[in-house]
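From first to last, the protein sequence lines are chains A and B. The first sequence lines up with residues 1 to 368 when you count with my numbering. The second sequence lines up with residues 1 to 439 when you count with my numbering.
To be clear, the hints were calculated from the coordinates, so they are not data collected in a lab. Everything numeric in this text was worked out from a predicted model, so none of it was measured. Among the hints, a few may not be true.
Said to hold, decoys possible - Below, a list of computed lysine to any residue pairs in the SDA-like style, where the Cα atoms sit at most 20 Å apart:
no.	chain 1	residue 1	chain 2	residue 2
1	A	K70	B	F121
2	B	K345	A	V6
3	A	K52	A	P295
4	A	K361	B	K345
5	A	K70	B	K126
6	A	K361	B	F121
7	B	K130	A	Q360
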Amino acid sequence: MFETVVPQIDPIAVPAPVWLIQFLLMFTFILHLLAMNFVLGGGIIAAVSEIKGRRSGVQHHFELSRRLSKGLPIALAFTINLGVPPLLFLQVMYGHFFYTSSIIMAWPWLSVILFVILAYYGYYLYNFRFEKLSGTRFWVVGGSAFFLTIVAFLYTNNMTLMLTPATWKEVYVGSASGAFLNLGELTLVPRFLHFFIAALAVGGLVVILYGLAKQKTEPEFSKWAIKYGIWWFLIPTFTQFIVGVIFLITLPRDVMLLLMGGSITGTVFFLIAIMGAIASVMIFLLSLQRDEPKPLLYAGFAVLLVTIISMVFVRDVVRSGYIAEYFTLDQLQVEPQTGIILLFFLLFIGGLGIVGWMLQKTTQSVKA
Amino acid sequence: MLNFPVWEIPHLGGGMLIAIVATIHVFIAHFAIGGGLFLVMTERKAYKENDDRILDYVQRHSRFFLLLTLVLGAMTGVGIWFTIGLVSPAATSSLINIFVWGWAIEWVFFFVEIAAIIIYFYTWRKLQPKTHLAIGWIYFIAAWMSLFVINGIVAFMLTPGAWVETRSFIDGFFNPTYWPALVSRTLVCFALAGIYAILTASVFKDRELRGKMVRYAARWSLPSLFLLPLSLYWYYAALPDVAREILTGGLPFIYDTAVLSVVAGGTLFLLVLIAAWLFPARVPVAYSILLLLVGFTVMFSAERVREAIRKPYVLYDYMYTHSVLKGEQENLREEGILNAWGWGKYNEVTDETMIRAGKDVFRAQCMACHTIGGYNDVLKLTEDYTVDDIEIIVLELDQFRGYMPPFAGSFDEARAVAEYLTQIEEERSEELTTIRSGR
Chain A
1 MFETVVPQID PIAVPAPVWL IQFLLMFTFI LHLLAMNFVL GGGIIAAVSE
51 IKGRRSGVQH HFELSRRLSK GLPIALAFTI NLGVPPLLFL QVMYGHFFYT
101 SSIIMAWPWL SVILFVILAY YGYYLYNFRF EKLSGTRFWV VGGSAFFLTI
151 VAFLYTNNMT LMLTPATWKE VYVGSASGAF LNLGELTLVP RFLHFFIAAL
201 AVGGLVVILY GLAKQKTEPE FSKWAIKYGI WWFLIPTFTQ FIVGVIFLIT
251 LPRDVMLLLM GGSITGTVFF LIAIMGAIAS VMIFLLSLQR DEPKPLLYAG
301 FAVLLVTIIS MVFVRDVVRS GYIAEYFTLD QLQVEPQTGI ILLFFLLFIG
351 GLGIVGWMLQ KTTQSVKA
Chain B
1 MLNFPVWEIP HLGGGMLIAI VATIHVFIAH FAIGGGLFLV MTERKAYKEN
51 DDRILDYVQR HSRFFLLLTL VLGAMTGVGI WFTIGLVSPA ATSSLINIFV
101 WGWAIEWVFF FVEIAAIIIY FYTWRKLQPK THLAIGWIYF IAAWMSLFVI
151 NGIVAFMLTP GAWVETRSFI DGFFNPTYWP ALVSRTLVCF ALAGIYAILT
201 ASVFKDRELR GKMVRYAARW SLPSLFLLPL SLYWYYAALP DVAREILTGG
251 LPFIYDTAVL SVVAGGTLFL LVLIAAWLFP ARVPVAYSIL LLLVGFTVMF
301 SAERVREAIR KPYVLYDYMY THSVLKGEQE NLREEGILNA WGWGKYNEVT
351 DETMIRAGKD VFRAQCMACH TIGGYNDVLK LTEDYTVDDI EIIVLELDQF
401 RGYMPPFAGS FDEARAVAEY LTQIEEERSE ELTTIRSGR
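Input sequences plus hints: build the corresponding full structure.
Shown next, in the form of structure tokens:
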């Protein structure tokens with residue numbers, strides 16, 4: 001057994017208050033998560049619908065796949081873009097954990113880039129050659145979704161490995177070649193499944209949104225898509241209750257207890273998240289029986305958004321709990337660069353304004 | 001020191017891995033900027049001349065542009081970030097802490113950039129020409145602004161300037177090579193825009209149009225390539241003395257690489273000129289691919305040189321290539337690198353632990369640049385020396401080789417690394433002998 005080594009904190013001070021970095025990390029991570037769920041869950045739904053369409057002959061399946069094929073590459077572009085800030089802010093606060101675990105699994109970690117590129121071109125192929133591909137469509141979109149599933153698995157490896165410094169040195173002394181995967185970690189599989197299944201459920205929500213958008217122009221397709229989407233939400237979420245419990249009990253005891261009274265933030269958000277998940281299941285179940293499900297569906301979305309936000313808070317509490325004996329955020333030195341921070345926010349608002357203007361011009365012309 | 005474990009990359013070594021990923025990225029990313037202006041200017045030309053064939057051409061060019069820059073350009077950009085974090089975590093950590101708001105601002109431009117290019121691509125012939133052009137302009141400006149930001153951080157690594165004293169964001173950002181580097185990179189953007197455009201034009205069946213577009217594209221590359229040496233000289237003049245010495249022959253290999261870059265740049269200029277002058281309407285696809293390959297050679301060697309003249313630092317005047325901070329080496333001579341680093345099997349050098357400790361010292365102090373048996377092979381540099389010689393050279397490393405950082409470890413550790421290198425050298429020659437005698 002080796003003593004645990006955690007690299008030193010960077011002597012260069014963090015140029016912003018820690019709460020601001022934390023806020024931006026969580027805010028952008030939530031956006032990244034939503035886009036990622038569309039890309040992964042949507043891809044799997046498209047692939048499954050290709051098969052279902054062929055077996056059942058119901059044209060709606062193909063219609064849905066065709067629509068998803070247009071959204072997937074765009075959603076992937078934004079998933080990548082929105083993944084940048086959380087990774088950046090993570091490095092500011094937890095760099096000494098994150099770089100180390102990345103190095104220990106360097107090759108698998110670097111291969112993320114290759115898998116995303118392959119998945120990306122697959123999604124474009126699926127989009128641009130939708131008609132021509134016909135019979136091979138399942139393989140193209142399914143292949144892309146599979147590559148992205150690998151990416152998710154590799155991310156879970158790194159995100160768990162960075163929290164368990166006690167394993168690092170033994171691996172590194174054995175080999176510095178960076179070929180490690182965190183397969184001995186008890187929470188690895190439940191944590192991966194927890195995120196993967198959530199992606200399917202949120203993918204279902206995207207289908208519901210498609211359905212809602214077409215309520216007036218294509219009432220029949222709309223009705224079908226809403227129902228189909230609701231089931232894509234419900235079935236994974238039922239499974240989630242089992243996977244979630246397993247994930248919870250595989251957490252180290254003191255981390256688990258943080259969510260059960262040990263930490264006020266952890267406990268409150270955990271409760272909100274659980275209740276939100278249960279409530280959303282009931283709302284979506286109810287909406288299946290309604291002729292006009294719109295109001296209920298929107299309520300379901302709202303409850304679910306609260307759930308996702310709470311889960312991101314819970315995730316943060318879990319992360320700090322894991323590494324509390326080695327590092328707490330108050331150890332960081334802070335010297336805010338106020339002027340540049342203001343400039344960032346100004347440019348950020350300006351950027352949103354410009355994007356808003358472009359979208360407005362585009363929708364105007366589409367309507368015209 | 002920031003004591004991260006050091007990743008062992010067989011054959012290539014970390015520097016070469018960075019160079020490969022980075023060159024692929026910059027070769028696409030510079031095109032993503034210059035090519036953006038090319039799109040709007042050519043679209044405008046099509047409206048002005050009322051030529052639908054040109055409009056057709058830009059539209060098709062924009063699909064190629066989207067698939068190349070949005071996918072490969074963006075992902076290799078993330079890739080270079082991943083790679084530097086793996087190869088130089090300490091330097092990456094410092095760059096992030098110093099410039100986190102610079103990175104964040106760059107992300108805003110990246111966000112506007114991808115939103116704009118996606119909208120531009122999907123709204124061809126659906127929007128008013130004026131609006132469509134405006135979106136193209138937004139794309140180009142956002143893309144160039146992301147260069148404006150990233151250039152500050154990249155130039156900082158070689159010439160942090162007053163930052164070393166003041167630790168101020170602005171001093172580090174607008175550093176001595178900032179402006180010449182920005183001008184040079186902008187010229188490269190336009191040169192590459194032209195060269196990629198020759199590629200997409202060379203597939204045309206319509207000979208007249210092909211000739212017209214090749215000549216038009218050459219007008220993007222030739223002036224930029226012509227002006228590039230001037231801006232590079234300006235860049236050269238702003239370099240630290242040691243960097244200029246390395247460049248002008250202090251390190252023969254780097255001098256050769258620099259010469260290669262200049263020669264390839266000149267060749268590229270001539271090849272474009274010849275094509276545009278003599279056979280614009282008959283430029284074959286293979287010829288345009290040759291142009292791209294020569295362009296890639298220019299970029300690869302130039303970026304390689306830029307990285308190499310930073311020696312012995314990874315962040316100039318602040319952090320050495322082996323992640324030891326400037327001035328820290330004296331303390332590490334006392335404390336020992338194995339103690340400070342913490343990732344070795346043993347923290348002490350004894351007769352029993354000698355070889356393994358030497359291996360760990362090698363990991364901590366040498367592996368940032370050297371491999372065993374691959375690129376920048378350490379054995380090639382030590383095979384003619386005895387253990388004692390190697391030990392002395394290691395202890396006086398920065399005296400013997402100005403572009404190498406000082407050894408930041410104890411006397412025992414210098415001995416250990418010398419013993420380790422000698423032993424693997426012996427093992428290697430034994431292996432060679434067995435192979436030969438086996439024959």
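Between the alpha carbons of A:K70 and B:F121, is the straight-line distance 20 Å or under? holds, 13 Å
Holds or violated: A:K361 to B:F121, with C-alpha atoms at most 20 Å apart: holds, 14 Å
Next pair to validate is A:K70 with B:K126; report whether the Cα-Cα distance is within 20 Å. Measuring from Cα to Cα gives roughly 17 Å; hence the hint holds.
Is B:K345 within 20 Å of A:V6, Cα to Cα? Within the cut-off at roughly 15 Å; holds.
Pairwise hint evaluation, B:K345 against A:K361, where the allowed Cα distance is 20 Å at most: Status violated; Cα separation ~63 Å.
Taking 20 Å as the top limit, are the C-alpha atoms of A:K52 and A:P295 close enough? violated, 29 Å
Given the hint that B:K130 pairs with A:Q360, test it: the Cα-Cα distance must not exceed 20 Å. holds, 15 Å
Violated hints for the displayed structure, listed by number in ascending order: 3, 4.
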